Amino acid sequence: MNRLFGALPARARAALLVVFVLLLAAPWIAGPYLLSVLVLALYYAYVGQAWNVMMGFAGQLSLGHALYVGLGAYVSAALYVHGGIGPWLGAPIAAAVAALAGAAIGFLAFRFGIGGVYFALLTIAFAEFTRIGFEHIDWLGGAGGLFLPVVERGRLDIVDLRGGPRLFYYLLLALAVGSLLLCRTLRTSRIGFYWLAIREDPDAARALGIDLFKYRVLAAAISAAMASVAGVVAAFYYNSLTPADSFGAAKSIEIILGPLVGGLGTLIGPILGAFVLTGLSEGLRALLDATGHQMPGATQLFYGIVLLLVIKYLPNGIWPGLARRLGLVERER
Amino acid sequence: MTWDVYANVIIGGILTGLVYGLMALGLSVIFGVVRVVNFAHGEMMMVAMYLAVLGCGTWGIDPLWLMVPLAALLFVFGYALQSLVVHPFMTRPDHAQFMLLVAVGMILTNGALIVFGPDARGVQVDYALDSLEWGPLLIDKVRLYAALAALAVAAALFAFFRLSATGKAIRACADNYRGALVVGLDVRRLFALTFGCGTACVGAAGAMLVLLGDVTPSLGPAYTLLAFVIVIVGGLGSMAGALVAGVLIGVSEALAGLILVPSMKSMVSFGLLILVLMFRPQGLLGRSS
Amino acid sequence: MALLEVTGLSKSFRGLKAVDRASFSVEAGTIVALIGPNGAGKTTCFNLIAGALPPDAGTIVLDGRSLDGLSADKACHAGIGRTFQVVKPFAQLSVLDNVTVGALRVTADVGKAQRAARRVLELLHLDHKAAHPAQILTLPERKRLEVARALATGPKLLLLDEVMAGLRPTEIDEMVGVFRTLNRETGLTILLVEHVMRAVMALAHRIIVLHHGEIIAEGAPEAVVRDPAVLACYLGGAPAA
Chain A
18 MNRLFGALPA
28 RARAALLVVF
38 VLLLAAPWIA
48 GPYLLSVLVL
58 ALYYAYVGQA
68 WNVMMGFAGQ
78 LSLGHALYVG
88 LGAYVSAALY
98 VHGGIGPWLG
108 APIAAAVAAL
118 AGAAIGFLAF
128 RFGIGGVYFA
138 LLTIAFAEFT
148 RIGFEHIDWL
158 GGAGGLFLPV
168 VERGRLDIVD
178 LRGGPRLFYY
188 LLLALAVGSL
198 LLCRTLRTSR
208 IGFYWLAIRE
218 DPDAARALGI
228 DLFKYRVLAA
238 AISAAMASVA
248 GVVAAFYYNS
258 LTPADSFGAA
268 KSIEIILGPL
278 VGGLGTLIGP
288 ILGAFVLTGL
298 SEGLRALLDA
308 TGHQMPGATQ
318 LFYGIVLLLV
328 IKYLPNGIWP
338 GLARRLGLVE
348 RER
Chain B
-6 MTWDVYANVI
4 IGGILTGLVY
14 GLMALGLSVI
24 FGVVRVVNFA
34 HGEMMMVAMY
44 LAVLGCGTWG
54 IDPLWLMVPL
64 AALLFVFGYA
74 LQSLVVHPFM
84 TRPDHAQFML
94 LVAVGMILTN
104 GALIVFGPDA
114 RGVQVDYALD
124 SLEWGPLLID
134 KVRLYAALAA
144 LAVAAALFAF
154 FRLSATGKAI
164 RACADNYRGA
174 LVVGLDVRRL
184 FALTFGCGTA
194 CVGAAGAMLV
204 LLGDVTPSLG
214 PAYTLLAFVI
224 VIVGGLGSMA
234 GALVAGVLIG
244 VSEALAGLIL
254 VPSMKSMVSF
264 GLLILVLMFR
274 PQGLLGRSS
Chain C
-14 MALLEVTGLS
-4 KSFRGLKAVD
6 RASFSVEAGT
16 IVALIGPNGA
26 GKTTCFNLIA
36 GALPPDAGTI
46 VLDGRSLDGL
56 SADKACHAGI
66 GRTFQVVKPF
76 AQLSVLDNVT
86 VGALRVTADV
96 GKAQRAARRV
106 LELLHLDHKA
116 AHPAQILTLP
126 ERKRLEVARA
136 LATGPKLLLL
146 DEVMAGLRPT
156 EIDEMVGVFR
166 TLNRETGLTI
176 LLVEHVMRAV
186 MALAHRIIVL
196 HHGEIIAEGA
206 PEAVVRDPAV
216 LACYLGGAPA
226 A
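Protein chains in written order, with this note's numbering: chain A, 18 to 350; chain B, -6 to 282; chain C, -14 to 226.
Looking at chain A on its own, in the form it has when it is part of the complex (with noise of 0.2 Å):
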């Protein structure tokens, strides 16, 4: 079962060392801009993640994932705003409530049949419907957001995750990389044989004794819970949320671009897509700042073009052609 790493010739082997080991040294060779780009490609390859179990290897497509990102935010802010509750708690309970609102979600949609672009409406229409509620709730702050406490910049405090970049940056390499083996053991055990079985044929795979029921509301679960963690995160890093940009349909856009490019399906695709894309945006960014020019919507202008070029001309995502040029051919999809 050595898909991933054993199967790779060691020139392979010695080159996912050698990024490991520049992941691991970056936040003391990079300045706090370019550090700070890292944090928001790990991030996204983190949440990413989480999404491609649900469509990647379940084959349910949610366009309403900001959802469960901003449940974790703010339930793990609320607690620690109005609790006094650390990151270190809340995000199990975060993760907790998370995934309890996928299973719902999916137990309401599954059981009733829905699926297929109906399903993808009911997440965006889920989605949009915790955002204006959160808005009318003055306890969480209503429209103008949720504050953390912000203390001064450098004081590191692990326990209430306080402190800078750095530390948002371990915490997120961690969070990817635990994402990655998580990922790949769930892929390569029953569970993931039987999710890519519901995603080809779901007629064929009930025929061959999977409870489709039960293992696409599983998959609703875990990719909830993985998202939410993500927004606990979030949360403790900009030290604010509200629920137009905890919960709003951009983000939710934003959180399926990086699998979408890197490649669905794929346990390397949403972090090079994340990869790519923070980087090609924020190239973008840089050359607009570099020629006087502000443009509110150039990222997003720039993100849906580069989507309907990837959809059009690599429908499978970058990295199945990378993997099979650099002969590592991967065989997840």
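One or more hints might be untrue.
[Unchecked claim] Subject to a maximum C-alpha distance of 27 Å in a straight line, what follows is the list of computed BS3-like cross-link-like pairs (lysine-lysine):
1. A/K231 to C/K97
2. C/K73 to C/K97
3. A/K268 to A/K329
4. B/K258 to A/K268
5. C/K59 to C/K97
6. C/K73 to C/K59
7. C/K114 to C/K73
8. C/K59 to A/K231
9. C/K141 to A/K231
10. C/K73 to C/K141
11. C/K59 to C/K2
12. C/K141 to C/K59
13. A/K231 to C/K73
14. C/K97 to C/K114
15. B/K134 to B/K258
Derived from the structure by calculation, the hints contain no laboratory data. Remember, predicted model here, so these are calculated numbers, not experimental data.
Got chain A; can you put chains B and C on it based on the hints?
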């Protein structure tokens, strides 16, 4: 609050709902025939609204007259989009089609943001504040005109699909794709025509909607969702269902704005959507499979 | 007691009776063929037994256990393995992974399941294609993959829905050989729907003839093919009573 307040709000809701219904009709027609879900529907409408604002501001033309050139313009856009961009995706998996149109929507929204800026734009017409009085009822003239125009466009579309030879050919494609190919119908052209008709509805509805409210680039996704809600409540692919559900949503949003807080009104439609998806996924007037 | 006992099985679609009070049984260790003209209700019968469709009336008992109300996945766990008339491979998964999914019904251990899957692939002469994605297989190979996947679930009863259709005579003979060996060496019970009489005659211990949803003849192959009612229904005349 007395009953006449409610009556006025309900009438306002019905009239606005008819315009919503026309927009949703476009989505429903596209889905019913081409089987593609236009995830950029509201974004196209937002662009139409900007064009109406521009036309009204530059040449001082009444947006209701702009309805005709805008419908024509959006028809051309829809026709080209379907035959050049969407058609090659007909055989691709559903999610690829969704994402393609999501990308188109992102391009439109942010293109508009770059071109027009983030501020709200609107139009001023001299009858903006006029209303017809009928006993205790006050009916806004703009709303009434917009609703009547929406009904006229919808009627024209119905007539096209029911009576014209092309309309019948399009319905044949919708009923039996392979059969249509076998008898030699030019499916690619008919699909493009249908997509164009759908976006023409959006163009007309956009010209009407600028009379009822301002436009910002971020309006697109909200209108896409609104169109989905209406079409799913009415039944995907059902033309009459779209209009009926448009009115239903218009009224329930207006009432929600009165009884609850105005900013919570779209929660009611999302709630309605969730309920319909759960208990009557084929929609209120949709055919059950 | 028979392995499969079907009593009074009925199913209508919009008033049209696809299967009408069909009763038959399949003895353990035998190969039984279900034949009949197009639209006779054979595939519906399969779908009812496999839990893909709920019957309007009737009972299905497998190995002493009622399958009433069981969904397709539960029916698989009860011991039904089935193939689809229109093959449904997991297109993007490798051939080995396709069969491994089936074998995972028996064990949760992926390593064990893969070893079991390899054995089944060898049996169906697909082992040389194990690493290929299923979408590049030829039709005869896809048919064999369909069988391999169903076999890997460890069924008590294997339902084969027209697995010979579209195969060349030599390929049919090869498939017949595979099923004969399976039946002889493992005692696997097989119920097959088949139009290819060459395969039916070579395989079946017993034939059941279905026409307009009703069973019109049943017995040893040589006797059934000479039955005037059967000949009449195939030749289009009214069945002689």
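Against the structure, the hints:
1. A/K231 to C/K97: holds (23 Å)
2. C/K73 to C/K97: holds (24 Å)
3. A/K268 to A/K329: holds (22 Å)
4. B/K258 to A/K268: holds (22 Å)
5. C/K59 to C/K97: Measuring from Cα to Cα gives roughly 22 Å; hence the hint holds.
6. C/K73 to C/K59: With a Cα-Cα distance of about 19 Å, the restraint between C/K73 and C/K59 holds, given a limit of 27 Å.
7. C/K114 to C/K73: holds (17 Å)
8. C/K59 to A/K231: With Cα atoms ~13 Å apart, C/K59 and A/K231 stay inside 27 Å; holds.
9. C/K141 to A/K231: Since the Cα atoms of C/K141 and A/K231 sit roughly 25 Å apart, the hinted pair holds (cutoff 27 Å).
10. C/K73 to C/K141: With Cα atoms ~22 Å apart, C/K73 and C/K141 stay inside 27 Å; holds.
11. C/K59 to C/K2: Roughly 26 Å separates the two Cα atoms, so the pair holds.
12. C/K141 to C/K59: holds (14 Å)
13. A/K231 to C/K73: Status holds; Cα separation ~21 Å.
14. C/K97 to C/K114: Measuring from Cα to Cα gives roughly 19 Å; hence the hint holds.
15. B/K134 to B/K258: holds (23 Å)
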